[in-house]
Every structure is written in structure tokens, then in C-alpha cells.
Amino acid sequence: MTEKKEFETRIDRMRLGEDGIVRITSLPQIEITLDDAKISIEAQLKVTKGKSCPTLLDIREIKSITRKARMYFAGKESRSVNSAMGILVNSPLSKMVGNLFIGINKPDMPTKLFLSEDKAIEWLKRYIE
Amino acid sequence: MNTDLELYKKRRLEEIRKIIVELVLGNFEVQGSISELSDEYDAIITGLNALAEELLYKTTMLAASEKRIEEFCEVVISIASLDYTKKASVGDEGNEFDAVAAGLNVLSEELKYSQEQLIRKEKFETIGKLSGNIAHELRNPLGVIGNSLFYLDMTLKEKEGKVKKHLNIIKNQVAKSNQIIGELLDFVKIKKLFLIEVNINFIIKAVLDSFELPKNIILNTKLDAKIPKIQVDQEKISQVFHNIILNAVQAMPKGGTLEIHTQMQKYMIEVIFKDTGEGILKETLPKIFEPLFSTKVKGIGLGLSIVQEIVNNHNGMIEVESKVGEGSTFTIKLPTLRKEVI
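Chains as they are written, first to last, in my numbering: chain P, 1 to 129; chain Y, 1 to 342.
Calculated from the structure, these hints are not laboratory results. Do not take every clue at face value.
Said to hold, decoys possible - Away from chain P, derived, C-beta distances all over 10 angstroms, residues of chain Y:
| id | residue |
| --- | --- |
| 1 | 7 |
| 2 | 85 |
| 3 | 117 |
| 4 | 164 |
| 5 | 306 |
Claimed, not checked - Short, incomplete list of chain Y residues facing chain P, as computed with Cβ under 10 angstroms:
| id | residue |
| --- | --- |
| 6 | 94 |
| 7 | 161 |
| 8 | 266 |
No residue lacks a Cβ here, since even glycine has one placed at the ideal position from N, Cα and C.
Could you build all of it, start to finish, from the sequences and the hints given here?
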């Protein structure tokens, strides 16, 4: 039986690349709650088999995220699966959400916003254990 | 022939004039007709049609923008009035307006949270100051009552039934008062932590040893022997476990089962207390950690506030799930790696 390397939750789709970077893409027009955040981290644990990996988070299609969900993504539980996080943004909305995430919630792990996926991957490679 | 051409020109010019008049009047839905000749008149009308479409789009956008700015103003006004219930609507386009809306919503949430924290802090400080003074003032007279009670108990060798009963009532009430004073004093000293490296399972066992569980309560423990030692204030974490077990016992007056588990979840040690008691009402759940909130007739409502404050001071977190008639589960998560201590 082959192990599942890709997961899809209500809010996102994720997979572990061969380069050791987890790619998470927020599904379009999703409003993320604390329960979603918990399910997402659980799924990430399964994808990485409990290992802490650098993560590329694509929030270009995001609509909104609650305070509790932001706190959860920025907190210790998220730190346990994410060694670093590159957040991919493009629209003014996604840039705002990304900036608020980093500025207000001050995640426990190195976190940076990117407009280009290539640059994000280049930066995340530094955090591959 | 010339007359036909003149008539044609006149008709097209009239059409162009009408379109311009409509545009000047602000009717941007106007559209002129294009002939099959594709002549200069058609070129002018095509240009005017495009201009009308563009103006229509711009004015529609402007109206929508004005509506959104109006909405933002309402949200800002409500935030300024400390009403955080109003939210700006985030559209599907992800444009600047949606970004501002998302920003305003986050600002509102953060302000609400900060204000709640501030109120909680002020409440804690006020209760702390009052508690300390009241507890110290009451301790002395209660001590005197206790000593006198002891004396009466010793000297009245053959006590009448009624005297004996009343002596016991006084004894119980003194004990209860001392318990309340203890709770108040605990509240005063929750801030400062004295950290030592200890196994959480050891603390749970010690608390359970000191606890006389009613006979109608079945205790099930499943303590993970592999959990690492962590740095905690042993006395205060004991108090956390004691308060939660006490609450669980009080929630099961007719008996039930209390399960206590410990387990490792990545960088956190989880301690889970699950009872089969009365459960907590959904509307009550968000308030149970507020200082001075109690559903018990005799409680003063500090027990769970103390629990939360101590857990927070250890950089941990506490979660509760409950269903009326089925019971409650309190999960305490304590980090294995310490970052900072308040």
C-alpha cells in the first residue's frame, strides 16, 4: 500500500515535495476558522509524518481568517510542523492578510511574504533539515 | 442623389448629436447604431459608444466604491464607539477595498481582544488587592474562633446532642471559610513562578494522593510514562490539577467516572481530565474562566480563573469541551520547551 502524500481539507490542499518543502494552497474564497486551522495542522502532521518542514503557503485566493485561527497558525502547534513559512501573496487582500499574520500575530517560526514562488522556494530551502 | 446623401449625413449627425446630449445628461447606457457602411459617422459613433461604456463602468464602480467607503466609515465609527460587532464585508475580488475590509476586521478583532484582556487584567488586579487585604483581616478572627472551638471541644467532655451538632457546624463553617481565604490568597500569589524540573505524572499522582475522592466516583488514569520532565512551578501546577479535579467531582454529585490522561503531542504535554458529570451550558462555556464567575451556590468564582492564569503563566493553554448531561473535558497543554516566564 502506498502512503498518502497529498491531503485536502475544507480549506486547503497540501503535499510534501521531493525537495522537502510542504506546499499548501488555500482553496478559493475560503473563510478559515479555528477548527479549520486545527484540521489543517493535523493533516500537515500526516503529510510530513510528524517532521518539522519548511512550508510554502499560497494564500492568493484567501478570503478571510479568524483571530483564533491566526493565533493557532502562528503558535506552538504550527511551529511543531513548520520550520519556516513562506507565504505567497498577490492581490491586495492576500497581501493584507499575510502582513497582518506576520505583523500582529508574530509567528513562532521564520515567516516571510513573497510575490514569486521561485523566490519563496529559494528562501525556504535554507530551512530544510 | 445629392439630396439622399445630404439626408443621410443629416440623419447621422443628428444621431451623434443625440448621443452627445445623452452623455452630457449622464445617461451612459446610450448606444448609437453602427451602419454597414463603416464610414466616418460609424467611426465617431463607435468611439462614442465605447466612451459611454467606459463612463458607465466608471460611474458604477464609483457608486460601488462610495458604498464601500460608507460601510468602512460605519465600521470605523462603531469601533471608535467600542462596539466591535460590526464587520466590513470582504468581497470576492481580493482588491484594495477587500484588503481594507479585511484589515478593519482584524483591527476590530484585535482591539476587542486587547480590551477584554485589559478588563481582565484590571479585574485581576482589583480582586488581587482586595483579596489579600480581606484574607489577612479574616484569618486572625477565624484563627481565634478555631482556637476557642478547640478549647470547647476539649473541655466539654459530655456534650449534649445539640451542642455537639452546633460545634460541628461551627467547625465545618470555619473550615469552609479557611478554604475561601486560601483561594483568595492563592489568587494573590499566582503571578510569580518558582520553576523546577519535574515529571507531570508525579504531580498528578501526588494531587490524587492528597484528594479523597467520593466512593461513587470511579477514577481511571492513563499516564504516559514516556513524557519528559518539564520546568513548572510544582505547587501552582498542583493547584491547577487540584482545582480541575475538584470541579469534576463537584460536577458528579451522583457519581460517575473521572479519566485522567497524559500524553505527548510534539512540543506539548497534554493533561486531559474527562468527567461524566452534569456538563456546562453552551452559553456558560465562554465565561467559565472569567474571575468571579460561578454557577455554584457556594463558589466565589476564582478557581478556574486561577487555573487559566497559572497555565498561561507557564506559556501553556487550556481547552474545554462540554456537553450538558454527558460531561466535560479539560485539556491542559504545557510546553516542553520554555521560552519566557512572566
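Check on residue 306 (chain Y) being off the interface with chain P, judged by Cβ distance over 10 angstroms: holds (23 angstroms)
Assertion that residue 85 (chain Y) lies outside the chain P interface [Cβ separation over 10 angstroms]: Its Cβ never comes within 10 angstroms of chain P, the nearest being 14 angstroms, so this holds.
Interface hint compliance - residue 94 (chain Y) to chain P, C-beta minimum distance less than 10 angstroms: Result: holds, 3 angstroms to nearest chain P Cβ.
Least C-beta distance between residue 7 (chain Y) and chain P, which was stated to exceed 10 angstroms: Correct as stated: the minimum Cβ-Cβ distance to chain P is 55 angstroms, above 10 angstroms.
Interface-negative label, residue 164 (chain Y) against chain P, beta-carbon threshold 10 angstroms: Given a closest Cβ separation of 56 angstroms, the condition holds.
Claimed clearance of chain P by residue 117 (chain Y), with the beta carbon kept past 10 angstroms: Since the minimum Cβ distance to chain P is about 12 angstroms, residue 117 (chain Y) lies beyond 10 angstroms and the statement holds.
Proposed interface contact between residue 266 (chain Y) and chain P, which counts if any beta carbon pair is under 10 angstroms: holds (4 angstroms)
Hint status (Cβ of residue 161 (chain Y) to nearest Cβ of chain P, threshold 10 angstroms): Since the shortest Cβ distance to chain P is 59 angstroms, the answer is violated.
Of the numbered hints given earlier, the model fails hint 7 alone.
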